[in-house]
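Novice: Sequence:
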Amino acid sequence: MSTHSTLDIVVNDILRVVTPVQEDWEIRFAIINDLRSIVESVESLRGATVEPFGSFVSNLFTRWGDLDISIELSNGLHISSAGKKQKQTFLGDVLKALRMKGGGSNLQFISNARVPILKFKSYRQGVSCDISINNLPGQMKSKILLWINKIDGRFHHMVLLVKEWAKAHKINNSKAGTFNSYSLSLLVIFYFQTCIPAIFPPLKDIYPGNMVDDLIGVRSDAENLIAQTCDANINRFISNRARSINRKSVAELFVEFIGKFAKMDSMAVKMGICPYSGKWEQIEDNMIWLPKTYAIFVTPCLCTSYFLVTLWFCFGDKLRLVIARTVLDSNAVVANARFYHRYFLLLC
Numbered sequence: 012m013s014t015h016s017t018l019d020i021v022v023n024d025i026l027r028v029v030t031p032v033q034e035d036w037e038i039r040f041a042i043i044n045d046l047r048s049i050v051e052s053v054e055s056l057r058g059a060t061v062e063p064f065g066s067f068v069s070n071l072f073t074r075w076g077d078l079d080i081s082i083e084l085s086n087g088l089h090i091s092s093a094g095k096k097q098k099q100t101f102l103g104d105v106l107k108a109l110r111m112k113g114g115g116s117n118l119q120f121i122s123n124a125r126v127p128i129l130k131f132k133s134y135r136q137g138v139s140c141d142i143s144i145n146n147l148p149g150q151m152k153s154k155i156l157l158w159i160n161k162i163d164g165r166f167h168h169m170v171l172l173v174k175e176w177a178k179a180h181k182i183n184n185s186k187a188g189t190f191n192s193y194s195l196s197l198l199v200i201f202y203f204q205t206c207i208p209a210i211f212p213p214l215k216d217i218y219p220g221n222m223v224d225d226l227i228g229v230r231s232d233a234e235n236l237i238a239q240t241c242d243a244n245i246n247r248f249i250s251n252r253a254r255s256i257n258r259k260s261v262a263e264l265f266v267e268f269i270g271k272f273a274k275m276d277s278m279a280v281k282m283g284i285c286p287y288s289g290k291w292e293q294i295e296d297n298m299i300w301l302p303k304t305y306a307i308f309v310t311p312c313l314c315t316s317y318f319l320v321t322l323w324f325c326f327g328d329k330l331r332l333v334i335a336r337t338v339l340d341s342n343a344v345v346a347n348a349r350f351y352h353r354y355f356l357l358l359c
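Positions in the sequence shown are counted from 1; adding 11 to them yields this note's numbering.
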């Protein structure tokens, strides 16, 4: 059996373990319904809706993935808005209701974050949940990740694999200056845009506008316009028979993914990756990326007319070492650990 064939088997084994089963979906839907009942009991949130987003909506979550939930305030048919202090107040009300009704454990109110968040752990299999207020941009961002999977289903497998790799190496914690789930998805998108032949187009070819600015007025109209624009452009890209097709396996793509970002250290000092344009961009040309004081910096999604999403890396020694000697800890998921470890050491 060839090296790549063996690696394909290992990768498929890993994916079988981390891919959610029906029960995982049902548990998360039950958590959402639990929270809806709690929110309905909060007087200040009368008419508000409880809506999931993040990797659950994108279908990019693993069996032990978190659940992101947005409480959308009532504003008739129109998109509502709320200031930071209002969001803090509403989340405080939810916190009181959760405590009163015993809706979860490990409650943590992060009120001073740029986006205030209420974190808790559900009693349903201990799923971690993050609640925010009026996070419609987050919902649409999640839907874009879902839609682009229509271009190539390997995106789903790659994101799950990269997430498990990051988890195994303890570099999946944004609080510690490493990656969050969305950042890892952007890494995969950028790799798919720049591999040869490319699998994804630049995101500007999918949605050329500023999505945050476009989320105004009647909500259904704004969302439908974005969805229709993305759908038309995705279908146009898929139907382009002139484009070259990348036929590599997920295992081969993962090996290339590691190799690509192992070499980016020297570039990351002066350049950032931009999935919007699908290429490297000079950091000094974008004031959003300055000053360079972050280990990893992700600009707010869809925040300007030019940068749909941007990502800048300045790897420290730990992250460089992980990239250079990457070994997905197969002991946790498959029995083929010895081969897997030996194979990836050969990549160094």
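Possibly wrong hints are sitting among the right ones.
[Unchecked claim] Restricting the straight-line Cα-Cα distance to at most 27 Å, the calculated cross-link-like pairs of lysine-lysine (DSSO-like) are:
no.	residue 1	residue 2
1	K154	K259
2	K259	K178
3	K186	K130
4	K107	K132
5	K132	K178
6	K259	K215
[To be verified] Now the in silico label distances, taken between C-beta atoms and shown as ranges:
no.	residue 1	residue 2	range
7	D225	G58	52 to 58 Å
8	Q239	M111	28 to 34 Å
9	T60	R247	49 to 55 Å
10	G220	N70	23 to 29 Å
11	I256	N70	22 to 28 Å
Don't read these hints as lab results, they were simulated from the structure.
Heads up, the beta-carbon is just placed ideally off N, CA and C, and yes, glycines get one too.
Novice: Does each hint fit the structure? Answer for all of them.
Specialist: Status of the hints after comparison with the structure:
Note on K154 and K259: the hinted pairing holds, with a Cα-Cα distance of about 26 Å set against a maximum of 27 Å. Proposed proximity of K259 and K178 is supported: the alpha carbons are some 25 Å apart, at most 27 Å. This hinted pair checks out: K186 and K130 have alpha carbons roughly 14 Å apart, not beyond 27 Å. Of the supplied pair hints, the one linking K107 and K132 holds, its CA atoms being roughly 15 Å apart against a limit of 27 Å.
A distance of roughly 19 Å separates the Cα atoms of K132 and K178; the hinted pair therefore holds under the 27 Å criterion. Our distance criterion of 27 Å between C-alpha atoms is met by K259 and K215, whose separation comes to about 25 Å. Range check, D225 to G58: about 24 Å between beta-carbon atoms, so the 52 to 58 Å window is missed. Distance hint for Q239 and M111: a CB-CB separation of about 43 Å, inconsistent with the stated range 28 to 34 Å.
Checked against the hint of 49 to 55 Å, the pair T60 and R247 fails, with Cβ atoms roughly 33 Å apart. Against the hinted window of 23 to 29 Å, the Cβ-Cβ separation of G220 and N70 comes to about 24 Å, which satisfies the hint. Between I256 and N70 the Cβ separation comes to about 23 Å, which falls inside the hinted range of 22 to 28 Å.
Hint compliance for this structure: hints 7, 8 and 9 are not met, and every other hint is.
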